[in-house]
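The lines below spell out each chain.
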Amino acid sequence: MRWFGIVCVACLGLVLAVASSHFPPWGDPHSPASTHVSPRYIEKSVEETAVPNIVTAVLADYRGYDTMFETTVIFAAGLACFMLLRRLGTGPQEQLWRHIPTGVVVHVKGGVRPWIDPRHFEPIDRHWTPHDLVTLTSCRIMIPFLQLFALYVVAHGHHSPGGGFQGGVILGAALILLAISHNLRTAAERFSETTNGVLSGLGVSIYAGVGMACLVLGGAFLDYKELAGLLGVDKVHARSLGIFFVEVGVAITVMAVMYLIYRNVSSAGECDEGL
Amino acid sequence: MIWQLDLIILAIVVVCGVGSIMVKDLMGAAILFGAYSFMMCLLWAVMGAVDVAFTEAAVGAGVSTVFFTAAVFRTTRRTKD
Numbered sequence: 004m005r006w007f008g009i010v011c012v013a014c015l016g017l018v019l020a021v022a023s024s025h026f027p028p029w030g031d032p033h034s035p036a037s038t039h040v041s042p043r044y045i046e047k048s049v050e051e052t053a054v055p056n057i058v059t060a061v062l063a064d065y066r067g068y069d070t071m072f073e074t075t076v077i078f079a080a081g082l083a084c085f086m087l088l089r090r091l092g093t094g095p096q097e098q099l100w101r102h103i104p105t106g107v108v109v110h111v112k113g114g115v116r117p118w119i120d121p122r123h124f125e126p127i128d129r130h131w132t133p134h135d136l137v138t139l140t141s142c143r144i145m146i147p148f149l150q151l152f153a154l155y156v157v158a159h160g161h162h163s164p165g166g167g168f169q170g171g172v173i174l175g176a177a178l179i180l181l182a183i184s185h186n187l188r189t190a191a192e193r194f195s196e197t198t199n200g201v202l203s204g205l206g207v208s209i210y211a212g213v214g215m216a217c218l219v220l221g222g223a224f225l226d227y228k229e230l231a232g233l234l235g236v237d238k239v240h241a242r243s244l245g246i247f248f249v250e251v252g253v254a255i256t257v258m259a260v261m262y263l264i265y266r267n268v269s270s271a272g273e274c275d276e277g278l
Numbered sequence: 019m020i021w022q023l024d025l026i027i028l029a030i031v032v033v034c035g036v037g038s039i040m041v042k043d044l045m046g047a048a049i050l051f052g053a054y055s056f057m058m059c060l061l062w063a064v065m066g067a068v069d070v071a072f073t074e075a076a077v078g079a080g081v082s083t084v085f086f087t088a089a090v091f092r093t094t095r096r097t098k099d
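Protein chains in written order, with this note's numbering: chain S, 4 to 278; chain Y, 19 to 99.
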């Protein structure tokens with residue numbers, strides 16, 4: 004079986020190598036992709052959409068359906084992760100509470116919540132290790148800058164590389180950094196599970212909602228120039244703004260789903276402590 | 019583009035790709051996969067596909083490595099086969 008696998012992979016690799024040698028060379032102006040669609044985008048996209056970054060214009064406007072369903076795929080991935088891993092219902096049978104000033108750990112048997120002062124006790128799990136001050140402080144300093152950079156990437160996607168997807172991933176990474184450096188409960192105080200679930204659906208809804216608004220205003224689905232009357236700008240800038248709205252939707256979904264996957268994978272569905 | 023540099027990056031891509039499936043330590047495999055993604059990101063950037071490079075850096079080298087690490091922590095560190 005092992006040899007069969009190796010032979011299969013070798014044959015497929017050979018086919019791939021032979022096929023790729025028939026591809027047009029890199030940057031060939033006479034290749035099929037460069038002779039039909041690309042010149043149209045390169046010549047017209049700036050005057051039609053007022054977006055200097057052609058990649059963003061193609062992704063969010065000319066190929067708007069594609070990006071919408073990509074976002075839906077991300078949402079579905081997050082949903083599948085949640086359905087497979089999340090364990091709802093009763094928590095662990097034994098709870099551990101650590102007295103912060105002294106470091107004494109109290110074991111509580113049974114599912115009842117003990118009557119203790121939350122200012123002096125913190126809930127911990129069995130794998131708890133003391134947090135390192137350097138890690139905590141450096142992560143706390145880094146997170147706001149990460150989030151600011153992510154917002155820049157989302158908002159500046161029209162002019163520079165980036166956009167909703169990359170910005171959303173960086174926003175999600177900032178949340179994940181918070182969860183890694185502290186724990187999932189600290190992250191949940193700022194970004195609760197309900198918020199997470201709502202936001203992951205909201206982003207897709209924003210995207211589809213912009214498309215529906217175009218439909219209601221008399222155009223085709225995701226035909227942003229119909230938003231011109233609603234936004235009070237001309238049709239070219241309406242397309243630019245429409246791209247921005249859907250990018251925000253993509254960013255929200257991607258951020259929420261990245262964090263949702265991390266939270267469920269790292270805590271094996273308990274969503275309690277994390278790594 | 020500097021072809022020597024390109025060749026070195028391509029060689030590292032191949033080494034990381036093969037290494038990440040051969041190595042027994044799953045954590046090592048996750049980190050090698052992150053290195054592979056980062057080298058791919060450099061290749062995309064060299065070819066002028068900056069948007070793709072950005073996505074590769076954020077998703078491939080960043081978040082997916084964290085996901086793999088989280089998954090490794092919740093399973094066994096060493097692979098059985």
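FYI, nobody ran anything at the bench for these hints, they're computed from the structure.
The reader is advised that the hints may include incorrect statements.
Cβ pair distances, simulated, as ranges [to be verified]:
1. Y:I27 - S:G212: 28 to 34 Å
2. S:I45 - Y:K98: 48 to 54 Å
3. S:L17 - Y:K42: 24 to 30 Å
Chain S stretches covered by chain Y per the calculated footprint, using a threshold of three residues with CB under 8 Å from any CB of chain Y [what the hints assert, rightly or not]:
4. 174 to 181
5. 189 to 197
6. 234 to 240
Glycine is no exception: its CB is placed at the ideal position from the N, C-alpha and C atoms.
Against the structure, the hints:
1. Y:I27 - S:G212: 28 to 34 Å: Violated: the Cβ-Cβ distance is about 43 Å, outside 28 to 34 Å.
2. S:I45 - Y:K98: 48 to 54 Å: 52 Å, holds
3. S:L17 - Y:K42: 24 to 30 Å: Check passed, 28 Å falls within 24 to 30 Å.
4. 174 to 181: That given contact holds, which follows from 3 residues of the stretch 174 to 181 of chain S lying within Cβ reach (below 8 Å) of chain Y.
5. 189 to 197: violated (count 0)
6. 234 to 240: violated (count 0)
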